[in-house]
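Chemist: Please model the complete structure; the sequences and the hints are all you need to start from.
Protein chains in written order, with the working numbering: chain A, 1 to 316; chain B, 317 to 814; chain C, 815 to 1077.
In case anyone wonders, no lab produced these hints; they're calculated from the structure.
Here the structure is a predicted model, which means the values were calculated and not measured.
Incorrect hints may appear among the rest.
DEER-style ranges, computed between Cβ atoms [said to hold, decoys possible]: (1) C/V836 <-> B/H640: 30 to 40 Å; (2) A/A91 <-> B/G426: 30 to 40 Å; (3) B/A650 <-> C/W998: 54 to 64 Å; (4) C/W998 <-> B/E586: 49 to 59 Å.
Glycine residues also receive a C-beta, built at the ideal position from the N, C-alpha and C atoms.
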Amino acid sequence: MRYTAKKIATMLLTMVIVSFLTFVAFSLLSGDAATRLLGTEATPERLEALRIELGLNDPLLVRYGRWLWDALRGDLGTSYRYGQSVSSLIAQRLGPTLTLTALAFALIVAVSIPLGVLSAKYAGGRLDRALTVINQVVMAVPPFFTGILFTYLFGLVLHLFIAGAFPAGGVGHYIGYLFFPALAVALPRIAMTVKLLRTSILDEAQRDYVRTSMSRGRSRSGILYRHVLKNTLVPVLTFLAMTVADLLAGSVVIEQVFAVPGLGRLLLTSIEGRDEPVARAIVVLLAFAVILCNLAADLLARRIDPRLGSGVGGAA
Amino acid sequence: MNKRILTLFLSLTLLLSLAACGSKDTNATDARRDANEIVVGIAQDLENSLDPYTSVTAANREVLFNVFEGLVKPDADGNLIPAVAERWEISDDQLTYTFHLRPGVKFHDGSEVTAMDVAWSIDKAMQSGSWKALDNIDAVNIGDTFVSVVLKAADSDFLSYMTLAIIPEEYDYGADPVGTGPFRYVSRAAQQNLVLERFADYWGEGAKVDKVTYQIYENAEALVLALKSGAVDICAHLTATQANQLTESFNILEGTMNLVQAVYLNHAYEPLANETVRKALCYALDREQVFDVVADGHGTAVGSSMYPNFRKYFLPELADLYPHDTEKAKAMLAEAGYPNGFDLTITVPSNYQPHMDTAQVVAEQLRAIGVNVTIDPVEWASWLENVYSGRRYQATVVGVDASTLTARAMLERFTSTASNNFTNYSNAEYDEAFAAAIRATTDEEATAQYLRCEEILAETAANVYIQDLADLVAVRKGLSGYRFYPLYAIDLSTVTYT
Amino acid sequence: MRKNTFLRVGLVLTALVVGFIVLGLFWTPYSPNAMDFSRLLPPSAAHPMGTDKFGRDILSRVMVGAGDTLLIALGTVAIGTVVGTLIGALTGWYGGWVDELLMRLNDALASFPSILILLVLVSLLGGGREHMTLALGIVFIPSYARIVRSEFARARTQNYVHSAELMGASTARILFVHILPNIWHTLVSAITIGFNNAVLAEAAMSYLSIGVSPDEASLGYMLSESQSMLDSAPWYALGTGAVIVLLILGVSLIGEGLQRGEN
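Modeler: In structure tokens:
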């Protein structure tokens, strides 16, 4: 319990640091909000009046505190560009990004765990060797290039999906479209997970207790699954939690490749368009998601193996 | 255990591939045909406000052309034809215009257009500050079925301004746009789409298709992919490279964009304040190469701020003022005190592929005379803010069009005090000629002065004028009725499935 | 036997790709920006990778673009390694509140997905090669620092360090002459990973058109340009992407080979 409390306290501290850094960065980035709102023809008096009204002349820390307070109450501000509330803009875009992430994650888990286990079980065999080579190659292909290859192969040659035509409507309509982007971001992660799982199973299999129980004559696969898998779960879970974080952040690129109207694209256009409230909110949101994923990994790992200290779960 | 994992794995894979097949939608175009609807691809998001009076961008006007109408409206030949007004009379002193309203014209909200609505709309446009020419209005008088507008001074262009949108009185600006056009506004989603539907109670022939979805593709690559894959039916303003890939399922129509594409120069930037430098840049330009790359050799050379469809005002010979001559350009640059060239950043709105491509070709040509060019692609919103409104730039490649079919719409921005003079051009002779054109009582005199304005722009090398871009429009085979207008507009009411 | 294969293939591949890229720094078949040829030519003897929509030779542009990518990645690794090693060595050696503070900051930075920091940094610093290198370098400092720190903290307790201390060696000498060479294995593997991440990140950023000018040849930007011509000119995307893949693959094979050699 004390461990959990300490972890959560650390997490909150990290969140404060992260949101403060983001706030400072975007304050430097965006220029004068009053000019953005009133246009360039506004008189200096009106600009000054608005600055006072918005509190733009206050010290940075005061502004940060106010923003944090508003954010905690669910008010993320108003977009300069669209005049809509930031939370409603984000809500519109959250669906595709979350679906894409969930789909990619499902693919990673569904494919890499069986492959990793098989690869370890038949270590040194033909399957294992083939997988090792394939893994190396797959890890070297950037997801956006995989995306372009998929667009060409499945979109233009095989006509399995319409590239660039993100279907309108709810999740039911677009989940099919998101399969290929999900696969493109999942592939290198699958390769990494397989490699990690294989290594940690083999490491574990070298341990004394495995050898002992083997010499007692239990069936080999019984040992493999009962003990080894449980113990290898820790690094893999940690890795998978970080994978979720990476998938969320990676949406910036893959959404561009497949023209998916998600958070990533919104972030990109709002950074280019200097739409500070939107960009700031998305960056903080994504960073918080990453922090939460890390915490989840820590707590899960601890639960599976209470002997673990606080050393697990940092980002590599 | 092993089998269970394998089964799980296989069934998940199966499930996911099924999901993938769900998106196999090659019949999307047929489905749209059955539903009598079309999808139009556009390259940029619309402005935040759909207010017809304050729209700055051509892209906004292009869409709103289908929603709003004025007392009069332009036809495909550039004539002004009756719209909300059935007919009009002009007094002998050219000062009073009396418009008789067409009976039974309805707004999209179902209410009927009254003279009060018209007077209110004119007033709104005047207040918006974007319609300077309306300051000439002395009074607007209304009767039951007519509106008469009294001018302070005669203005041969006045009728053109009456293309301004008629909207319902006391219309609330936060609400959806309401006009009298052949299409009714339905919805929009930022960065995604804008949906219109056929307005059943339109006074005229009305639209042929039932629903139009403007799909926004801010990424040129995605736009082409969407066209190819069948997600989009009509898309204008394509480059030749883009259009060439589409010939299988599209008819490629060629018109002109009705804008003046140029390297617009900020005269507040030191080297560009020098007329000799600007002339050197003009000599460096090789239009043929631009035409080749951007539109497979298509395009109309222009030499001043006027495009060819303004037949009366267009002077084709101005394009020959600075024939391509790299050596001469270098010599002039040296003469102006820049023998080693100078740094020049060209800002380009990145979502417009024709401008991006043109900028890259022109940049190479300017480098050939020693100008150290950097291209800075910016998002449309920041182009508007920094270049157009803020005038914080050195040079920009963009197209400038006319909001109304008047020479004034093209030329007023170069008067030294104009609020939209984003090039900071300042020339006393020009200001004088322009003022004379506005004051002129006869059309001949006004025209002569406007032509003089164009000549001054060309002679002082105000900007590096390039062309009126060929407008390559992809229209899906099976659709017809697309017409080109002499101004930046796409009329979707005539488009129909055959 | 196998570990050697990884290393050997990796070295040969990297040598070939880097040779190709370094050649591009000094010589290209044509000027990479000259719009001299017919547009969108398919690969031929004169233009092994074809030409792009401006009639520029793609091979020449790929060579120049890959050169930029390589220089940026090397610069990134240099910044990350030098600064990261310094921070990691000092905090690992001395510990205490400085260590605590720096590691908290490190955690905060690590919880930003790197692409987000890059987006923000490049927007702040502006585009261009130097800024991209700086931004990437900053992003990679925390991970180096973390690795080096734990290695130094461990080395502190080891015998060879104690004996060096007894012999009266200065702290700087112990840190950089005694300990550093002993942990190079860990560093090299971190460097190969860092190098690949830098290549990936640079390509991704320029794919998003962030921090690049469109007329500068850059692999990511060329890929995004090629995307709209996939149908008519698939070789444009394939050739450009293949260079990125081969560069990353070569270096990652070296890393893998070294790691296996170590075990």
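Chemist: Each hint should be assessed against the structure and marked as holding or not.
Modeler: Hints and how they fare:
1. C/V836 <-> B/H640: 30 to 40 Å: holds, 38 Å
2. A/A91 <-> B/G426: 30 to 40 Å: holds, 32 Å
3. B/A650 <-> C/W998: 54 to 64 Å: holds, 57 Å
4. C/W998 <-> B/E586: 49 to 59 Å: holds, 54 Å
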